[in-house]
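**Q** Sequence:
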Amino acid sequence: MRLRDLSLKTKLQAANALMVIIPIAVLIAIGAALLGGLRHTGTLQQQALALLWPEEGRTLSVQFALSSLRAEAEKRRFKLHEAESDIRLLEGAGVRLLIQQKGTNYLTQGANPEELSRRVADRCGPFGSALSWDMDGLVFRYEGLRSGTVIMGAGDVPLMRGDAPMMRGDVPPQIPHDMRDMILNAALILLILTTSAGILLLGRYLARLLSTQILTPLAELRHAAAAIQRGDLSRALPPMGSDEVGTTCRAFDDMRRDLQRARAREAAEESRRRELFIGILHDIATPLTAIKGYASGILDGIAKTPDKQRHYTERILHSAVTMEGLTTRLREFLRLETDQLPLTWETVRARDFLTAVIEEHTSDFNERGVHLALEDGAMDAAVRIDRSEFIRVLKNLWENSGKYRRSADVNVRMSLAAEGDRLAILSDDDGVGVAPADLPKLFDSFYRTDAARTNVAAGSGLGLAIVRQIMTAFGGSVRAEESPSGGLRIVLLLPIVKENT
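In short: position in the sequence shown from 1, add 1484, done, that's the numbering used here.
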């Protein structure tokens, strides 16, 4: 199996293991090298003991050097270079040394051999091995019987502890080499084990932290993806951090919410389409039923007189015209909904345009009992529209006012106002009006305030839906309000075009 085929969890565990193993291996190697150096370097051994027992001050190191130096003197052959580390330590502590052996002598630089010999003889005697160490200083002499080496030393090294002074004939307590090695080994092993345990615990903590920061969000992401695959878009991801994983999870959750909204829109659209088809079937079925009934009356001989036959024929024609108007409106609506309506854009002055359209259609609408007027005012602006389609918008509004009048006549008053950076074209009538609860629904397809849809000829429910589609294509909008005159107010909003001065 290739590395890239491993799971992310396995990769993280392997990386964490290496993060722990490598430092521990390096630590053990360094500890082994340090241990070997300490075992073969007396000075380092003494320094290590001084670090382990700092309350002894220099006393322990000096005792250690004295013990080691005496052991070297008692060997068959005394080798100066093997005792060099002990000599350096004693000299560093302020002890002056004189080493007499066959062939060569050694004397601390700057020391007087006669004075040194006399001081040693005064406190330790002229012969034999002896040591005197108190608060006044350290004086000692070692004689190696087998090697014939004599080592003398004196210095102002006070005894730092409250122990009894070492007097003539005393020897310093000797620490066996095996015990020294054991102490040093134990100290280093303890240090290595403690550090390794710290590294291991830290690695475990980092691994758990990494798992929480990466693997847990990925698991949530996987569960959410599985829920989406099952069709459940309601499973939201918990809050995430601001790192790359958190950003990815938030992007995924944004996509889920977009899908959820799209599904809700799709369900609403599907419901609207069902209502559309139901409305189409109902509104077509009503005039068809009328045509069928009047035609059957003629065929069955019910309409026997010419007047009655003419009346039936007129009703059949009226129903056919109603169906024709319905299909025409439906065709217009579907063309607008599928964006198949070509628009010829033109920038016009709103007041001049409205004046011309009202003048052109006043006589026709007066015959239908709809009286049009444009309110005087200084408000005017340029808008970008398709002339023919906007005329269709206005005619649909005026026809709608004519269908829902209080009496034989209805008055429609047009006016202009500004709403921010948009021009509001207001159409107010004094008709029957609309209940406040029904105002937001007026522009839905096939919606009519007549819930029973008993009067198909009064309206198909598509006129205001077409108005909304055209206004949306213009980059504007439309809304319905209650008119101050008690009827219905339709507000058309269009972006104002800034004209070059």
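Note that these hints are calculated values from the structure, not bench results.
Every residue, glycine too, gets a C-beta built ideally from N, C-alpha and C.
Among the hints, erroneous ones may be present.
What the hints assert, rightly or not - Simulated crosslink set (DSBU-like; lysine-lysine; CA at most 30 Å straight-line):
no., residue 1, residue 2
1, LYS1792, LYS1887
2, LYS1925, LYS1982
3, LYS1879, LYS1788
4, LYS1563, LYS1586
5, LYS1925, LYS1887
6, LYS1559, LYS1586
7, LYS1776, LYS1792
8, LYS1887, LYS1776
9, LYS1776, LYS1788
To be verified - Simulated restraints, written as ranges between beta carbons of each label pair:
no., residue 1, residue 2, range
10, TYR1689, ASP1716, 46 to 56 Å
11, PHE1611, THR1588, 56 to 66 Å
12, ASP1848, ASP1784, 50 to 60 Å
13, LEU1772, ARG1706, 33 to 43 Å
14, ASP1860, THR1773, 24 to 34 Å
15, ALA1857, ASP1716, 19 to 29 Å
16, VAL1805, ALA1857, 49 to 59 Å
17, HIS1707, ARG1815, 20 to 30 Å
18, MET1863, PRO1920, 23 to 33 Å
**Q** Now look at each hint and say whether the structure bears it out.
**A** Against the structure, the hints:
For the suggested pair LYS1792 and LYS1887, the alpha carbons sit about 28 Å apart, so the restraint of at most 30 Å is met. Simply put, LYS1925 and LYS1982 have alpha-carbon atoms about 33 Å apart, too far for the 30 Å limit, and the pair is violated. Restraint check for LYS1879 and LYS1788: not satisfied, since their Cα atoms lie roughly 41 Å apart, outside the 30 Å limit. Only pairs whose Cα atoms come within 30 Å are accepted, and LYS1563 paired with LYS1586 is accepted, the gap being roughly 11 Å.
Among the hinted pairs, LYS1925 with LYS1887 is consistent with the structure: their alpha-carbon atoms are about 17 Å apart, no more than 30 Å. With a CA separation close to 14 Å, the supplied pair LYS1559 and LYS1586 stays within the 30 Å bound. Straight-line distance between C-alpha atoms of LYS1776 and LYS1792 comes to about 16 Å, which keeps the hinted pair within the 30 Å bound. Between the alpha carbons of LYS1887 and LYS1776 the distance comes to roughly 26 Å, so the proposed pair stays at or under 30 Å and holds.
At most 30 Å may separate the alpha-carbon atoms for a hinted pair to count; LYS1776 and LYS1788 meet this at roughly 17 Å. The beta-carbon spacing between TYR1689 and ASP1716, approximately 36 Å, falls outside the hinted interval of 46 to 56 Å. Distance hint check for PHE1611 and THR1588: the Cβ-Cβ separation is about 22 Å, which falls outside the suggested range of 56 to 66 Å. For the hinted restraint 50 to 60 Å between ASP1848 and ASP1784, the CB-CB distance of approximately 40 Å leaves it violated.
Between LEU1772 and ARG1706 the CB atoms are about 57 Å apart, so this pair departs from the stated range of 33 to 43 Å. Taking 24 to 34 Å as the suggested C-beta distance range, the pair ASP1860 and THR1773 does not conform, at roughly 49 Å. Take ALA1857 and ASP1716: their Cβ atoms lie about 57 Å apart, and the range 19 to 29 Å is violated. Taking the beta carbon of each, VAL1805 and ALA1857 are about 29 Å apart, not inside 49 to 59 Å as hinted.
Range check, HIS1707 to ARG1815: about 49 Å between beta-carbon atoms, so the 20 to 30 Å window is missed. Our hint of 23 to 33 Å for MET1863 and PRO1920 holds, since their Cβ atoms are close to 27 Å apart.
This entry does not satisfy hints 2, 3, 10, 11, 12, 13, 14, 15, 16 and 17, going by the numbered hints stated previously.
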